[in-house]
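**Student:** Since the structure of chain A is already known, use the hints to place chain B on it.
Number of protein chains: 2
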Amino acid sequence: MKNLTIALDAMGGDHAPQEICRGAIMACRDHADLDIILTGDGEKIKPCLSDASSEVLKRIRIVHATEVVAMSEQPTMAIRRKRDSSMRVAMEMVRAGEAQGCLSAGNTGAIVAGGVLVVGRLPTIDRPALGAPMPTINRWTFLLDVGASVRSKPVNLYQYAQMGNVYSKKILGVAEPEIALLSNGTEEIKGDEVVAEAREMLMKSSLNFKGYIEGDDLPWGRADVVVCDGFMGNVILKFGEGLMQGARSIIDEEMGHRFLPKIGILFMIPMVRALWSRFNYEKYGGTPLLGVKGTVIKAHGRSKAPAILGALSAARNFIIRDGVGQIREELE
Amino acid sequence: MKNLTIALDAMGGDHAPQEICRGAIMACRDHADLDIILTGDGEKIKPCLSDASSEVLKRIRIVHATEVVAMSEQPTMAIRRKRDSSMRVAMEMVRAGEAQGCLSAGNTGAIVAGGVLVVGRLPTIDRPALGAPMPTINRWTFLLDVGASVRSKPVNLYQYAQMGNVYSKKILGVAEPEIALLSNGTEEIKGDEVVAEAREMLMKSSLNFKGYIEGDDLPWGRADVVVCDGFMGNVILKFGEGLMQGARSIIDEEMGHRFLPKIGILFMIPMVRALWSRFNYEKYGGTPLLGVKGTVIKAHGRSKAPAILGALSAARNFIIRDGVGQIREELE
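Those sequence lines, one after another, are chains A and B.
Taking our numbering, the leading residue of the first sequence gets 1, the next gets one more, and so forth.
Taking our numbering, the leading residue of the second sequence gets 333, the next gets one more, and so forth.
Accuracy of the hints is not assured; some may be wrong.
[What the hints assert, rightly or not] Within a straight-line C-alpha distance of at most 16 Å, the following computed EDC-like cross-link-like pairs (lysine to aspartate or glutamate) qualify: (1) Lys625(B) to Glu662(B); (2) Lys210(A) to Glu197(A); (3) Lys190(A) to Glu214(A); (4) Lys570(B) to Glu214(A); (5) Lys522(B) to Glu73(A); (6) Lys390(B) to Asp365(B); (7) Lys2(A) to Asp33(A); (8) Lys536(B) to Glu510(B); (9) Lys190(A) to Glu405(B); (10) Lys502(B) to Glu662(B); (11) Lys153(A) to Glu525(B); (12) Lys636(B) to Glu351(B); (13) Lys210(A) to Glu200(A); (14) Lys170(A) to Asp322(A); (15) Lys485(B) to Glu193(A); (16) Lys570(B) to Asp216(A); (17) Lys522(B) to Glu532(B); (18) Lys169(A) to Glu329(A); (19) Lys293(A) to Asp322(A); (20) Lys334(B) to Asp373(B); (21) Lys262(A) to Asp252(A); (22) Lys153(A) to Asp524(B); (23) Lys485(B) to Asp192(A); (24) Lys594(B) to Asp584(B).
If you are wondering where the hints come from, they were derived from the structure by calculation, not from laboratory data.
Nothing here was measured: the structure is a model prediction, and the numbers come from that model.
If we strip away everything but chain A, and leave its shape as in the complex, we get:
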């Protein structure tokens, strides 16, 4: 069987290119069927590959790109103008069929713009969505849109639900995904006009639709797929991340000026490890851009090598299970 190829933007993210390349090496070690094309400044990328075995190096190719899309750039403009940017070159490889998918930890807006302008929108999808698998107490919840758009029309939310359903079923392996709309209350009378109309549409669909859920249902994992607009999804995702980091920081601070907790924590190491592995989102790292004609995955800007490995594994999985074809089929 022929290997599958992922084009990886080596220059995107806070720890590029070092950690991106390390992640690529790890992924090639883990997945014998994987070839990786690193796009970006060859001179900077080469030294980052010095640790790789010759077996792995055979499957990593560098495609030189002279430009980089910065995190702060206006997304559409950057993708249009920087034709030789590492991000755009990776996407061009997907369009040309030289790679089956691409991955970037760079500018989110530019990834979305490139997904639409370079890879292309699926004809039945009005707007693509970024979906994020979130660890919760009961299961992994797939939240979308987390920032491909800002606000949505009811039909967008409806399509997000459809795409989320396919992703949950075909990629995450949930038998009959429970779908819910994020709202300001569970009662029928809640929601704004957009959410209320999307609810009506979803009630009539063939989806396993559970109606509204609220903010406090999210951590408990009361649905497999949760749909909201990109503004809300962005704030929710970042708030959750910030809370985790904040909790860690204050515990460190409180531990810092106390002695007893330092003893206490020794007894808790196995538990902390168990919790960590249960909620380690890097395992499922990678936020797919759904609704475009190829596999486009965004990794977190702060990704280090393990997160890049996770995102590459997610991309590989999406390609093997034909995520794009499944969505195309379902929405026809």
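**Tutor:** For chain B alone, coordinates are given in the frame of chain A:
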């Protein structure tokens, strides 16, 4: 000096009337200048006061009300029709000047509806807002609106910022409150149309306006006042609550089937206590409804006595510092 009087809806909330009455007793013990009117079913309230000292009992009066607004009722309808409900009767006492403020742990929508229909909107305020003080790492952040409305116009967000500024300065005692708008990114180009227009208005105002903040800025307390629409505020507040409860539940679960962590936790008790007191939102419990002609405070539906005490203290503080007059003055 004459005592101040708060009308307390004894029938609102999950633990009414028992915990509401206990909270009233605690508040009268703590604040010698406080009189409380308990509204609701006298037959049910009386037994809940059996623990109170005669000194406290002298300052608690029961006003019988035959109806109760249920949590699931349509808010405006409930307030209009149930004229003898414990919630409406408490609000009528504010309108009549028999109480300087009122407090309820009941149906949030009905509290807002009653604030507008019974107590009355301030003429310069288009829409009132519910504001919630949130514990963060660096300070208490006052978030509004957390659910008085669903969606907002730019002018509403602008007025929320003004009211939040007054509350933060006059009630929470922040010298020069930093005000921020919650958005999907910090850059100027972010936000939807409503948020972007509110940003323009706030840039021109005399407020200490810091521009946009993101979801992950919230736990770090990067502003004293954070403004968003009621849909977003509701989801954020509940998500935060759900995460705290969820974290506690999984730690309990992991502890349950392990022995070592139980020893470990013993060493950590002082630290856990310190953290708890630092983030104990019951201290600041009580969500003021800003923009109405009287002191109207909502307590959490799950409030037990200490949370009711906290909310009563917040109400007392609001009355003493003339929160309503301050907002009226500032927005004229």
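**Student:** Look at each hint and say if it fits the structure.
**Tutor:** Verification of the hints:
For the given pair, lysine 625(B) sits about 14 Å from glutamate 662(B) by alpha-carbon distance, which is consistent with the 16 Å threshold. The straight-line distance between the Cα atoms of lysine 210(A) and glutamate 197(A) is roughly 15 Å, inside the 16 Å bound, and the hint therefore holds. About 10 Å separates the Cα atoms of lysine 190(A) and glutamate 214(A), which keeps this hinted pair within 16 Å; it holds. A threshold of 16 Å between alpha carbons decides the hint, and for lysine 570(B) with glutamate 214(A) the separation of about 7 Å falls inside it, so the pair holds.
Taken as a hint, the lysine 522(B) and glutamate 73(A) pair is honoured in the structure, with Cα atoms around 12 Å apart against an allowance of 16 Å. Restraint check: the Cα-Cα separation between lysine 390(B) and aspartate 365(B) comes to about 12 Å, which is no more than 16 Å; the hinted pair holds. Between lysine 2(A) and aspartate 33(A) the CA atoms are separated by roughly 8 Å; this keeps the pair inside 16 Å, and the hint holds. Using a Cα cut-off of 16 Å, the hinted pair lysine 536(B) and glutamate 510(B) holds, with the two alpha carbons roughly 15 Å apart.
The straight-line distance between the Cα atoms of lysine 190(A) and glutamate 405(B) is roughly 12 Å, inside the 16 Å bound, and the hint therefore holds. Restraint check: the Cα-Cα separation between lysine 502(B) and glutamate 662(B) comes to about 11 Å, which is no more than 16 Å; the hinted pair holds. With a C-alpha separation of about 14 Å, the suggested pairing of lysine 153(A) with glutamate 525(B) holds against the 16 Å cut-off. Among the hinted pairs, lysine 636(B) with glutamate 351(B) is consistent with the structure: their alpha-carbon atoms are about 5 Å apart, no more than 16 Å.
Between lysine 210(A) and glutamate 200(A) the CA atoms are separated by roughly 12 Å; this keeps the pair inside 16 Å, and the hint holds. Distance check on the hinted pair: lysine 170(A) and aspartate 322(A) sit about 9 Å apart at the alpha-carbon level, within 16 Å; holds. Only pairs whose Cα atoms come within 16 Å are accepted, and lysine 485(B) paired with glutamate 193(A) is accepted, the gap being roughly 14 Å. Among the hinted pairs, lysine 570(B) with aspartate 216(A) is consistent with the structure: their alpha-carbon atoms are about 5 Å apart, no more than 16 Å.
A hinted pair counts as satisfied when its Cα atoms are at most 16 Å apart, and lysine 522(B) with glutamate 532(B) qualifies at roughly 13 Å. Under the criterion of a C-alpha separation no larger than 16 Å, the hint pairing lysine 169(A) with glutamate 329(A) is consistent with the structure, at around 14 Å. Distance restraint check for lysine 293(A) and aspartate 322(A): the Cα-Cα separation of roughly 11 Å lies within the 16 Å cut-off, and the hinted pair is therefore satisfied. Straight-line distance between C-alpha atoms of lysine 334(B) and aspartate 373(B) comes to about 28 Å, which puts the hinted pair past the 16 Å bound.
For the hint pairing lysine 262(A) with aspartate 252(A), the CA-to-CA distance comes to about 10 Å; that is within 16 Å, so the pair holds. A threshold of 16 Å between alpha carbons decides the hint, and for lysine 153(A) with aspartate 524(B) the separation of about 13 Å falls inside it, so the pair holds. Between the alpha carbons of lysine 485(B) and aspartate 192(A) the distance comes to roughly 13 Å, so the proposed pair stays at or under 16 Å and holds. Using a Cα cut-off of 16 Å, the hinted pair lysine 594(B) and aspartate 584(B) holds, with the two alpha carbons roughly 10 Å apart.
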